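J.: The listed protein sequences correspond, in order, to chains A and B.
The first sequence: position 19 = 19 (my numbering), numbered continuously.
The second sequence: position 158 = 158 (my numbering), numbered continuously.
The set of hints was computed from the structure by calculation and includes no laboratory data.
These figures come from a predicted structure and were not determined experimentally.
It cannot be assumed that every hint is accurate.
Which copy is meant is left open, because identical chains are indistinguishable; a pair holds if it fits in one copy or across any two.
[To be verified] Cut-off 35 Å, straight-line C-alpha distance, at most; resulting in silico cross-link-like pairs (DSBU-like, lysine-lysine):
{"id": "1", "residue 1": "K33", "residue 2": "K52"}
{"id": "2", "residue 1": "K22", "residue 2": "K52"}
{"id": "3", "residue 1": "K15", "residue 2": "K33"}
{"id": "4", "residue 1": "K33", "residue 2": "K22"}
{"id": "5", "residue 1": "K15", "residue 2": "K52"}
2 protein chains.
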Amino acid sequence: MFAPPLQRLIDELSKLPGIGPKSAQRVAFYLLKVTPSEAGLLADSITEVKEKVRLCAVCFNVADEEICQYCRDSRRDSTVVCVVQEPPDIAAIERTREYQGLYHVLQGAISPIEGIGPDHLRIRELLERLRHPADGRPPATEVIVATNPNTEGDATAMYLERLLTPLGVRVTRLASGLPVGGDLEYADEVTLGRALGGRRQMGA
Amino acid sequence: MFAPPLQRLIDELSKLPGIGPKSAQRVAFYLLKVTPSEAGLLADSITEVKEKVRLCAVCFNVADEEICQYCRDSRRDSTVVCVVQEPPDIAAIERTREYQGLYHVLQGAISPIEGIGPDHLRIRELLERLRHPADGRPPATEVIVATNPNTEGDATAMYLERLLTPLGVRVTRLASGLPVGGDLEYADEVTLGRALGGRRQMGA
Numbered sequence: 001m002f003a004p005p006l007q008r009l010i011d012e013l014s015k016l017p018g019i020g021p022k023s024a025q026r027v028a029f030y031l032l033k034v035t036p037s038e039a040g041l042l043a044d045s046i047t048e049v050k051e052k053v054r055l056c057a058v059c060f061n062v063a064d065e066e067i068c069q070y071c072r073d074s075r076r077d078s079t080v081v082c083v084v085q086e087p088p089d090i091a092a093i094e095r096t097r098e099y100q101g102l103y104h105v106l107q108g109a110i111s112p113i114e115g116i117g118p119d120h121l122r123i124r125e126l127l128e129r130l131r132h133p134a135d136g137r138p139p140a141t142e143v144i145v146a147t148n149p150n151t152e153g154d155a156t157a158m159y160l161e162r163l164l165t166p167l168g169v170r171v172t173r174l175a176s177g178l179p180v181g182g183d184l185e186y187a188d189e190v191t192l193g194r195a196l197g198g199r200r201q202m203g204a
Numbered sequence: 001m002f003a004p005p006l007q008r009l010i011d012e013l014s015k016l017p018g019i020g021p022k023s024a025q026r027v028a029f030y031l032l033k034v035t036p037s038e039a040g041l042l043a044d045s046i047t048e049v050k051e052k053v054r055l056c057a058v059c060f061n062v063a064d065e066e067i068c069q070y071c072r073d074s075r076r077d078s079t080v081v082c083v084v085q086e087p088p089d090i091a092a093i094e095r096t097r098e099y100q101g102l103y104h105v106l107q108g109a110i111s112p113i114e115g116i117g118p119d120h121l122r123i124r125e126l127l128e129r130l131r132h133p134a135d136g137r138p139p140a141t142e143v144i145v146a147t148n149p150n151t152e153g154d155a156t157a158m159y160l161e162r163l164l165t166p167l168g169v170r171v172t173r174l175a176s177g178l179p180v181g182g183d184l185e186y187a188d189e190v191t192l193g194r195a196l197g198g199r200r201q202m203g204a
C-alpha cells in the first residue's frame with residue numbers, strides 16, 4: 001500500500017506491544033515528518049539500549065554497568081532486600097520514596113500454566129546473596145516479598161516464605177487492601193476481604 | 001529511575017503520538033527482551049525511512065523514488081484525479097479496490113484557526129498538473145475531492161470547486177451519509193441530515 005521503506009517501518013512498529021496497525025501508521029507518518037536528527041535520536045536510543053543495557057550481576061535489575069545503581073550505592077540499607085517480579089516494579093517502589101533498601105528481581109513469577117517453575121526465576125541467586133552478603137556490608141535481616149497481588153505472585157510469595165524463613169530472615173509481604181482514593185462501594189470482594197483481614201488498630 | 005540508556009529510550013518513545021509514559025516503558029522493556037537483530041530491524045527501518053522516503057514530485061504522496069507508485073503506473077486512469085488531505089487517505093481509498101485513477105495530496109486542509117491558507121497546501125501544483133498533463137497521457141476530466149467530511153475539509157472542497165470548475169473539469173465530492181453497518185437511531189443529526197439531502201432513487 002505504501003512505499004516499501006515506509007511499509008517496513010509500519011510492520012516493525014506493529015510488532016511492539018500495545019501498538020496496533022492504526023497506531024503504527026500514525027507513528028510512522030509522525031516519524032516521516034520530524035527532522036532526520038529527531039528520528040535519529042530514537043533509532044540510536046534503540047541501538048544503544050541493546051548494546052549497553054544488561055542485567056545487574058547481583059540483583060538482576062536492568063543496568064548499564066555490571067552492577068546496577070542501587071547495588072552500587074553504599075548509602076542504601078543492605079539489611080533489607082525487596083523482591084520484585086520485573087525491573088519496572090523497582091521504579092514503582094522508588095516513586096514512593098519510602099524505601100531505602102536493596103532489590104532482587106526474580107524475572108517473573110511461578111506459573112504452572114505457563115510452565116514457569118522456581119528454577120526459571122532468579123531464586124537460586126537470591127538464596128546465594130542472602131547466604132553470602134557482599135564484603136563489608138551488613139547481611140539482610142528482612143526480605144520484603146513485593147510480587148504482584150495475584151495468583152502467580154501469591155504462589156511465588158508463599159514459595160519464598162517457606163524457602164527463606166529457615167535462613168533466619170524475616171519474610172514480609174506488601175499489604176493488600178483498599179487502594180488510597182478508592183471507593184468502598186466499588187471494591188471487589190477479594191480486595192475488601194483482604195482489607196478486612198489485614199485491618200489494623202487505629203492509633204497503634 | 002532506570003539506567004540512563006533505558007531512560008533515554010523511554011523518553012524518546014514518549015515523544016511519539018499516542019504513546020504515553022506507561023506505553024513507552026512497556027515498549028522499552030519489550031525492546032530490551034527481544035534479540036539485538038529484532039531491535040536492529042526497527043532501528044534500521046526508522047533510519048531507512050528518513051533516508052529513502054520523500055514526497056512524489058507529481059502528487060505529493062510518500063514515495064521511495066522521485067515519482068510515486070501510482071503516478072508511475074501507466075495502467076491507472078489519468079482522466080480522474082482524487083484529491084486527499086494526507087498520504088494515509090490514499091491507503092484508505094485503495095482498500096476499497098473501487099478506484100483506478102490518480103491522486104493528489106494537499107498535505108493538509110484550509111484552516112483559518114490554525115493559520116493554514118490555500119498557499120500552504122499543494123493547490124498550485126494541482127492546478128499546474130491539470131493544465132499541463134504528463135506527456136502522452138489523457139488529461140483529467142474529473143477531480144474527486146476526498147477531503148475529510150468536517151469544517152476544514154468542506155471549506156477546502158468548496159475552495160477547490162470554485163477554482164477548478166472554470167478549467168472545464170468535473171469537480172465531485174465523496175458522498176456523505178450513514179456509515180454502512182451503522183444504526184439510524186444513533187446517527188448524529190448532521191450525518192442523518194446529509195444522508196437525507198443526498199438520498200438516491202432506488203433502482204435508478
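J.: All the hints need checking, so say for each whether the structure fits it.
T.: Hint check results:
| no. | hint | in the structure |
| --- | --- | --- |
| 1 | K33 / K52 | both (29 Å within a copy, 13 Å between copies) |
| 2 | K22 / K52 | both (32 Å within a copy, 22 Å between copies) |
| 3 | K15 / K33 | both (22 Å within a copy, 13 Å between copies) |
| 4 | K33 / K22 | both (17 Å within a copy, 24 Å between copies) |
| 5 | K15 / K52 | both (23 Å within a copy, 22 Å between copies) |
In terms of the numbered hints stated before, the structure departs from none.
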